[in-house]
Structures are given as C-alpha cells and as structure tokens.
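K.L.:
Chain by chain, the residues run as shown.
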Amino acid sequence: MAKVDYEMLKKNATEIRKGIIKAVHAAGSGHPGGSLSAADILTVLYFYKMKVDPKNPKWEERDRFVLSKGHAAPVLYATLAEKGFFSKEELLKLRHIGAMLQGHPDMKGTPGVEMSTGSLGQGFSCSIGMALAAKLDKKDIRVYALLGDGEVQEGIVWEAAMAASHYKLDNLTAILDFNGLQIDGKNEDVMNIHPIKEKWESFGWHVLEIDGHSFEEIISVLDKADEIKDKPTMIIAKTIKGKGVSFMENQVGWHGTAPKDDEKEKALKELGGAN
Amino acid sequence: MNNKIATREAYGKALVELGKVNEKVVVLDADLSKSTKTAAFQKEFPNRFFNMGIAEQNLMGTAAGFATSEKIPFVSTFAMFASGRAFEIIRNSIGYPKLNVKVCATHAGITVGEDGASHQALEDLACMRAIPNMVVLNPADAVSAKKAVFAMAEYNGPVYARFGRAAVPVIYDEDMNFEIGKGIEVKEGKDAAIIATGIMVAEAIKAREILSKKGIEVRVIDMHTIKPIDEEILIKAAKETGAIVTAEEHNIIGGLGSAVAEVLVENYPIPMKRVGTLDTFGESGKPAELMKKYALTAEDIAKVVEEVINKK
Ligand SMILES: Cc1ncc(C[n+]2csc(CCOP(=O)(O)OP(=O)(O)O)c2C)c(N)n1
Chain Y
1 MAKVDYEMLK KNATEIRKGI IKAVHAAGSG HPGGSLSAAD ILTVLYFYKM
51 KVDPKNPKWE ERDRFVLSKG HAAPVLYATL AEKGFFSKEE LLKLRHIGAM
101 LQGHPDMKGT PGVEMSTGSL GQGFSCSIGM ALAAKLDKKD IRVYALLGDG
151 EVQEGIVWEA AMAASHYKLD NLTAILDFNG LQIDGKNEDV MNIHPIKEKW
201 ESFGWHVLEI DGHSFEEIIS VLDKADEIKD KPTMIIAKTI KGKGVSFMEN
251 QVGWHGTAPK DDEKEKALKE LGGAN
Chain S
1 MNNKIATREA YGKALVELGK VNEKVVVLDA DLSKSTKTAA FQKEFPNRFF
51 NMGIAEQNLM GTAAGFATSE KIPFVSTFAM FASGRAFEII RNSIGYPKLN
101 VKVCATHAGI TVGEDGASHQ ALEDLACMRA IPNMVVLNPA DAVSAKKAVF
151 AMAEYNGPVY ARFGRAAVPV IYDEDMNFEI GKGIEVKEGK DAAIIATGIM
201 VAEAIKAREI LSKKGIEVRV IDMHTIKPID EEILIKAAKE TGAIVTAEEH
251 NIIGGLGSAV AEVLVENYPI PMKRVGTLDT FGESGKPAEL MKKYALTAED
301 IAKVVEEVIN KK
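Keeping their order, the protein sequence lines are chains Y and S. 1 is the number of the first residue of the first sequence in my numbering; add one for each residue after it. 1 is the number of the first residue of the second sequence in my numbering; add one for each residue after it.
Among the hints, erroneous ones may be present.
[Stated by the list, open to error] If you want the footprint, here are the derived chain Y segments under chain S, 3+ residues with CB under 8 Å:
hint: 1; region: 26-33
hint: 2; region: 106-118
hint: 3; region: 152-160
hint: 4; region: 179-187
[As the list claims (entries may be wrong)] No farther apart than 20 Å at their CA atoms in a straight line, the calculated lysine to aspartate or glutamate pairs in the EDC-like style are these:
hint: 5; chain 1: S; residue 1: Lys-292; chain 2: S; residue 2: Asp-279
hint: 6; chain 1: S; residue 1: Lys-214; chain 2: S; residue 2: Glu-289
hint: 7; chain 1: S; residue 1: Lys-214; chain 2: S; residue 2: Glu-299
hint: 8; chain 1: Y; residue 1: Lys-93; chain 2: S; residue 2: Glu-289
hint: 9; chain 1: S; residue 1: Lys-286; chain 2: Y; residue 2: Glu-188
hint: 10; chain 1: S; residue 1: Lys-34; chain 2: Y; residue 2: Glu-188
hint: 11; chain 1: S; residue 1: Lys-43; chain 2: Y; residue 2: Glu-188
hint: 12; chain 1: S; residue 1: Lys-286; chain 2: S; residue 2: Glu-299
hint: 13; chain 1: S; residue 1: Lys-34; chain 2: Y; residue 2: Asp-189
hint: 14; chain 1: Y; residue 1: Lys-238; chain 2: Y; residue 2: Glu-209
hint: 15; chain 1: S; residue 1: Lys-190; chain 2: S; residue 2: Glu-174
hint: 16; chain 1: S; residue 1: Lys-43; chain 2: Y; residue 2: Asp-189
hint: 17; chain 1: Y; residue 1: Lys-108; chain 2: S; residue 2: Asp-279
Think of the hints as simulated: they come from the structure by calculation, not from any bench. Using N, Cα and C, we set each Cβ at its ideal position, and we do this for glycine too.
So that you can see chain Y by itself, here it is in the shape it has in the complex (with noise of 0.2 Å):
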C-alpha cells in the first residue's frame, strides 16, 4: 500500500466541510450536523479507499457506497464535488428548483450518487443486494454503507443486518456514524440501541471500534475489513456531530438547521484553509 498521504486528506476533509456550509447556508435548509460527523469518513472513503472514476461514474468495476442516513447528502455531494465527479458550483443550488442536488440522494439525477435514500433504515437494505450482486457475478467490488446511529432504531437495519451475515458478505462494509444524538435528542434518551457492539455481533457481523475523526484509524480498520471472510464488518465510528465548527459541535439543534449569514462566516473562519 502506498503511503498515506495525510496532508491532503486533512485538505480534502476541511473542504468538504466547507462545502456542507456553504451549501447548507445557500439551501437555506438541511443538514450540518450529521454531516460534519461523517466528513472524515467520507474522505478516507473516497480519497483513500474506494475504487471510483469520476470521469466514469458508472464504470462497472466501480466500489459502492450507499449513504443510507440521507439526510446527510450534503457531505455525499461535497465529497462527490471535492472528487470531480460535478462542478462545485452545484453545491450552491443544492434544495433550489431544478437543481441538481436534490435535498436528499437522487441516484437518477446526480452522478456518483449509487442510491436514491432518505427514508432512513432503506438504503442499507439495498447494499445487500448490491453486495449479492457483486457475488454473483464474481466481481472484486466492495460495498460501503453509512448508517446513522438514530438509524438502527428502524427495524429494517436488523432484517438487512441478518440477510447480510447469513448470505457471508464478506465484501460489506457498514460504518455507524455514531454521534449519539438523532433529532429529538440524545439516542440513550429517544430509544436506547445499546449494547450495539454485541447486538451487531450476535447478528454474525464483524465489529470493529473506532474514533471517527482519526484518518489512522479509518484507515487501518478499513483495510483491516478488508482481511474479514465470510462476515460482513461492522466498523463503529465514534464521532461528534457537528465535528469542526465549535458552536455546531454536539448541539442536537443543528441536526436539521441551516447556518445564517453571519454564522457561515465564522463556521468558514473556524474551518480555516483556502477562501
């Protein structure tokens, strides 16, 4: 494996959180806060990990990767603009009519998105198929799903989580973004899902734990994953939501609000690099 080029991930990973506030600001709606969770995630993804061309977003050989907790498209399309597969410019009509970027993932209408989500537990289910598909058909395609940890409330998490580990897919990869706050609050509070470590255990997946900000460790349990037969993985990603701007940081308010003027501005500032 060459090395890791840790510089340019840390670039990569601040644009993309600039592109989350600025299209969330230029929206006027939508998501911050679970998607500057997953920022670091979706950077190692794409930036590291994943077998993509964004020249040829449908190249057949091509990784997956579903964003199954929708709501957090503004990271799927910042990353996905950061990656050249569309201009940046798109990230500034995202919600806007007739736009490209819809408020949540429209597999038909914007490239390199692989699922159409938003209806939360949904997408993940799908990532079996695409997983199964992949068997099938004897191709050396990995599948990387990105759950929400309100997400695993919905009981079609556990029918894919089952079907997932009895079929042996050892070429899924789930994440678990988990920021332990969904929109009514914290999740111990809304609908407990510990202990989520051993309920994704004794449905047959691998699980692995880590921090979710360090590119180390989403680096090595995504390789590790890698080395896992007949097992999906489950990787569990602790994180922050709101990661890399202070006052968004852990505040379940800014799961569903957009940033005014004046709060881009120091969310920009915090966030530091270029413009």
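Chain Y is already provided as a structure; the job is to place chain S with the ligand on it using the hints.
P.N.:
Just chain S with the ligand now, kept in the frame of chain Y:
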C-alpha cells in the same frame, strides 16, 4: 385569509387542550416531536407521551396495543413514513380490527419543499382511503385542524388525518362546524364547483376571485373528509352547477379526485377535471415555487375551471 398558520401548529396546540379534558389520550411519536408539534403535549403530559424512536412500524403497532387497552392514541410522524413505511401495520393492526387509533401525519404534500421527493407524500390519501374502516381527514386551515382533533377523539375508530408543514391562510371563524363526513360549502356559485381539500381550499377561494372578475361564479366546497366522502353535497353541486373541478395537493390518482369521480360516475356524471400532481414525483424547492411548477396554484385551478365549463 391574511392570517397564516400551519395546520401542524394547530394540531400540536389542540392535542394539549384535548389532553386536559380527556385522560385517555396518549401521544406517540418517532423522533420528530419538534416537527410534528407533539412536543407540546410531551411537555404538558410527560407520562402520557411515548417517543418510540425512528421505528414507524413499531410506532403504529404500539398504538394499536394502547387502543386495545381503552386508551386513545394519537400517533404522529411525517406523512411519508406513517402512510408509507407503516402501511401494512396500519392496515392489519389498526384498520382490520377497527381500533381507535388516530394517525396524525404531518409534512404531507409538495409543500414540504426542500427535503424533496423522498419526503413529499403525494400518495398518502390514496393509500389510507383504500383501507376498509379508515376515516381520512385533511383539514384546510388551523381552525378546522383543531376542530378535527376534537372530532377524531369523539369518533370511535381508526382515523388518518393529514397536516401540513407550511403556514396556510386561516379560512374559518372559531365557531365553524367540523363534522366528519360532511363537506362544507365555503362559497356559493352556480357555474361550476371546485371541490378542494387541505391547503387547496385557500387556493380554490383565490381561484374563485380570479374567475369572478371574468363573470364566472364558482362554488367552493371544502372536502375535509376524503372518506367517508359527502356524496350528498357532491351530487347537489353536480346538479346545480353542471361542472366539477377537484383540487388536492396529492397525486391525481387515488385521492380526492378519484373519490369524487367515483361518486359522480355512479350517480350523476357531468364534465369533471382533476387538479393535483400529474402522477409524478416532486423535487426540492421552495413550497411556492413547487406549487407553481406542479400547477397547483389558484391560477392553475381557474384555468381548469374554464376548461371544464367549456365542456358543459
Ligand atoms: C423512515 C424515516 N423516519 C424518520 C425520518 C426523519 N429523520 C431524518 S434524520 C432523523 C434522525 C437521524 O438520526 P441519526 O441516524 O442518528 O443521524 P445523525 O444524527 O447522524 O444525523 C430522522 C428521525 C426519516 N428520514 N426516515
């Protein structure tokens, strides 16, 4: 019609009032209590509020269980997830045993706006209408929304009620009469009748103003109950005006337009047209822009009324 309030706001307030006079009322939500406005009930009656997490099927099943135990559950989430994800639970565990559950779904229709197609329920009235035993309500403004909540609590049986996210004009005075199954003639007219539901009632009233400038007098009927539909008021309107236009913030397939057509075809066929989304998914945008793009505005209704009058 200057004052604007979202029907979900009225719903949340009405629940609190209802909770004070009816101890049997319990409220359930699925991690959207701030948006569905059930949070106000939670604040007032914490022991009678249950957040079930992001799990709409279990939300509905739990409500059914409450209803078997002499409670009156009001269950809320977005219309998409209530009528969509939990459809079969509503059908088999609420509709079939005819349990006293009130499914109060918010954020219905295209005016959800920026969240886009995945969140714009444009099929919910059709789905819910197809379930035997299910009463289907779609109040037009804040006043009728509040009255609907009290009427639902009085009625013993399953009800689906649709509420909207966006602020809409207040049409009614506080003393209006909301009776399940009875349409309301909001405006008189003899040249045609607009049968509207939900937020489209306000648009229909504006359409009437546009048309009256051209010397066309249209009747406006608020069909707040999609099921059981008020056949009497429909047949009367058909006989007296000879032309009917339906208006709904919903797919033209399966909702109000279909319900009205069924009645007219069997009883008094006359020229009729439906205003609604034309069997398409919506997209992200501002509610007002979407109303225009999907041809749901007063101007659109007025145009269709003229078309249908020409077919008389
Ligand atoms: C089926 C379904 N139910 C409800 C919602 C509304 N909703 C959107 S985001 C959200 C909370 C998600 O929490 P979590 O999965 O923890 O995401 P994160 O905190 O990472 O943003 C809810 C309830 C939805 N999109 N889909």
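K.L.:
For each hint, tell me whether it holds in the structure or not.
P.N.:
Evaluation of the provided hints:
1. 26-33: holds (count 4)
2. 106-118: That given contact holds, which follows from 4 residues of the region 106-118 of chain Y lying within Cβ reach (below 8 Å) of chain S.
3. 152-160: holds (count 3)
4. 179-187: Coverage by chain S holds here, the residue count being 3 at a Cβ distance below 8 Å.
5. Lys-292/S - Asp-279/S: Cα-Cα ~16 Å, so holds.
6. Lys-214/S - Glu-289/S: 26 Å, violated
7. Lys-214/S - Glu-299/S: OK: Lys-214/S and Glu-299/S at ~13 Å, within 20 Å.
8. Lys-93/Y - Glu-289/S: 15 Å, holds
9. Lys-286/S - Glu-188/Y: 35 Å, violated
10. Lys-34/S - Glu-188/Y: 18 Å, holds
11. Lys-43/S - Glu-188/Y: Roughly 19 Å separates the two Cα atoms, so the pair holds.
12. Lys-286/S - Glu-299/S: 18 Å, holds
13. Lys-34/S - Asp-189/Y: 15 Å, holds
14. Lys-238/Y - Glu-209/Y: Roughly 8 Å separates the two Cα atoms, so the pair holds.
15. Lys-190/S - Glu-174/S: Not satisfied, since the Cα-Cα distance of roughly 27 Å exceeds 20 Å.
16. Lys-43/S - Asp-189/Y: Holds, because 15 Å separates the two Cα atoms, which is no more than 20 Å.
17. Lys-108/Y - Asp-279/S: 17 Å, holds
Violated hints, in rising order: 6, 9 and 15; the structure is consistent with all others.
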